[in-house]
Amino acid sequence: MEALNIFIKSIFIDNMIFAFFLGMCSYLAISKTVKTSMGLGLAVTFVLVITVPVNYLIDKYLLQAGALSWISESFANVDLSFLSFIIFIAVVAGIVQLVEMFVERYSPSLYAQLGIFLPLIAVNCAILGCSLFMQKRDYSNVGEVFSFALGSGIGWLLAIIGIAAIRERLKYSNIPPALKGLGIAFIITGLMAMAFQAFSGIKL
Amino acid sequence: MSNTEKQKDPLFGPRDMKLLKTPFSKENPIIVQVLGICSALAVTVKLQPAVVMAISVTVVVMMSNLIISLMRNTIPPRIRIIVQLVVVSFLVIIVDQVLKAFAYDVSKQLSVYVGLIITNCIVMGRLEAFAMSNKPWPSVLDGLGNGLGYGIILIIVGFVRELFGSGTLWDERIMPEGYIPNGLMVMPAMALILLGIIIWIHRGRNKELQENE
Numbered sequence: 001m002e003a004l005n006i007f008i009k010s011i012f013i014d015n016m017i018f019a020f021f022l023g024m025c026s027y028l029a030i031s032k033t034v035k036t037s038m039g040l041g042l043a044v045t046f047v048l049v050i051t052v053p054v055n056y057l058i059d060k061y062l063l064q065a066g067a068l069s070w071i072s073e074s075f076a077n078v079d080l081s082f083l084s085f086i087i088f089i090a091v092v093a094g095i096v097q098l099v100e101m102f103v104e105r106y107s108p109s110l111y112a113q114l115g116i117f118l119p120l121i122a123v124n125c126a127i128l129g130c131s132l133f134m135q136k137r138d139y140s141n142v143g144e145v146f147s148f149a150l151g152s153g154i155g156w157l158l159a160i161i162g163i164a165a166i167r168e169r170l171k172y173s174n175i176p177p178a179l180k181g182l183g184i185a186f187i188i189t190g191l192m193a194m195a196f197q198a199f200s201g202i203k204l
Numbered sequence: 001m002s003n004t005e006k007q008k009d010p011l012f013g014p015r016d017m018k019l020l021k022t023p024f025s026k027e028n029p030i031i032v033q034v035l036g037i038c039s040a041l042a043v044t045v046k047l048q049p050a051v052v053m054a055i056s057v058t059v060v061v062m063m064s065n066l067i068i069s070l071m072r073n074t075i076p077p078r079i080r081i082i083v084q085l086v087v088v089s090f091l092v093i094i095v096d097q098v099l100k101a102f103a104y105d106v107s108k109q110l111s112v113y114v115g116l117i118i119t120n121c122i123v124m125g126r127l128e129a130f131a132m133s134n135k136p137w138p139s140v141l142d143g144l145g146n147g148l149g150y151g152i153i154l155i156i157v158g159f160v161r162e163l164f165g166s167g168t169l170w171d172e173r174i175m176p177e178g179y180i181p182n183g184l185m186v187m188p189a190m191a192l193i194l195l196g197i198i199i200w201i202h203r204g205r206n207k208e209l210q211e212n213e
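Protein chains in written order, with the working numbering: chain W, 1 to 204; chain F, 1 to 213.
No false leads were mixed into what you were given.
Partial list, computed: chain W residues near chain F (C-beta under 10 Å):
1) Phe18
2) Phe21
3) Ala126
4) Leu128
5) Thr189
Straight-line alpha carbon distances no greater than 30 Å define the calculated DSBU-like cross-link-like pairs of lysine-lysine that follow:
6) F:Lys18 - F:Lys207
7) W:Lys9 - W:Lys35
8) F:Lys135 - F:Lys21
9) W:Lys136 - F:Lys100
10) W:Lys32 - F:Lys207
11) W:Lys136 - W:Lys203
12) F:Lys108 - W:Lys136
13) W:Lys180 - F:Lys21
14) W:Lys171 - F:Lys26
15) W:Lys60 - W:Lys203
16) F:Lys135 - F:Lys18
17) F:Lys100 - W:Lys60
18) W:Lys32 - F:Lys26
19) W:Lys203 - W:Lys9
20) W:Lys60 - W:Lys9
21) W:Lys60 - F:Lys108
22) F:Lys207 - W:Lys171
23) F:Lys26 - W:Lys180
24) W:Lys180 - W:Lys35
25) W:Lys32 - W:Lys9
26) W:Lys9 - W:Lys136
27) F:Lys207 - F:Lys21
28) W:Lys60 - W:Lys136
29) W:Lys180 - F:Lys18
30) W:Lys171 - W:Lys32
31) F:Lys26 - F:Lys135
32) W:Lys180 - F:Lys207
33) F:Lys26 - F:Lys207
34) W:Lys171 - W:Lys35
35) F:Lys108 - W:Lys9
36) W:Lys203 - F:Lys108
37) W:Lys180 - W:Lys32
These aren't lab readings, by the way, just hints derived from the structure by calculation.
Every value quoted in this text rests on a predicted model; they were computed, and no experiment measured them.
Note that the Cβ used here is the ideal one computed from N, Cα and C, for glycine as well.
Chain W extracted, bound-state conformation (with noise of 0.2 Å):
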């Protein structure tokens, strides 16, 4: 039950885009088309549901403070949690390589379609903050978190999603020169923004 709440606080009211500003250089970037967002949003949602479950367990049985007990009572004291960006990063951009190099040996189809972008997800800020955040908010077990990183996949999805259709139909209307492109994108992510606060209001 617990997971299911995760999931759907992650999608709505702490939706990545809107509440947390997170992937915006690419959601901006690729979102002139549906199609291409489609595939841009499968892949964040794809890398993410792999690297932060990843990224959970490294940073329990590795990481934190007490972490190493496991091995043996004596590394009871350390605590690596300085490194947690370096060994994230590290984590990410190797599943990358990974995910890439199965995706096109097994889905050629698939590959088609996300192969561009994986490279580029490497450095999305959405899926290192997914893992930074998944640090700062304990999550009990991989249930939970695998439902976190699903959930905020989902809801980077859907906002890439939106906001490459209305782009789509912002080309019939009259728009000031000066704000044309990306002022008005800004300003549409706004109120997009905005609706989504409506969310907020919901106890889960």
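Following the hints, complete the assembly by docking chain F onto the known chain W.
Coordinates of chain F only, in the frame set by chain W:
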């Protein structure tokens, strides 16, 4: 830079000045190049974290530009992204530890966004576009210019949001007694709209930046 063999470059020539100046307006990393937006919006509820974040990013961009520029001839092109990530995360860990030691409250407010400097597109973008193909000194100036160009936008947004959202500046009360804080300003939505308005004003004054789609 073709006739550098004969005459030595001055330490701070007009070319260096240009490196420092263009990121403020014509090539501003946030509002023109659209890099590093994630952290720019999240830390601007108050002025103080915005300033601290601007300084942290400037330091990281400068230092990573310097290090990568010194190593640029020895990095194999195939693994350059990983090398860059390692250098940047090393610098960010230092910044994070320094903030935790000397500015613990601000470091708590910035929460995960300090760590996210690693994936800040400005850092990676400058490394790829400038430091990999330029000498150390211009790279440092380029990093400084871009860090400050990023900082100026953060400070503008942070100033407006704190002044109207909480009626304070740097946690000092500015607005008169009867002012009721505008709750919308501290919400994420308003950061996006403010940035949209800054872009609107900037492009209204610089017609050549306008997009025609």
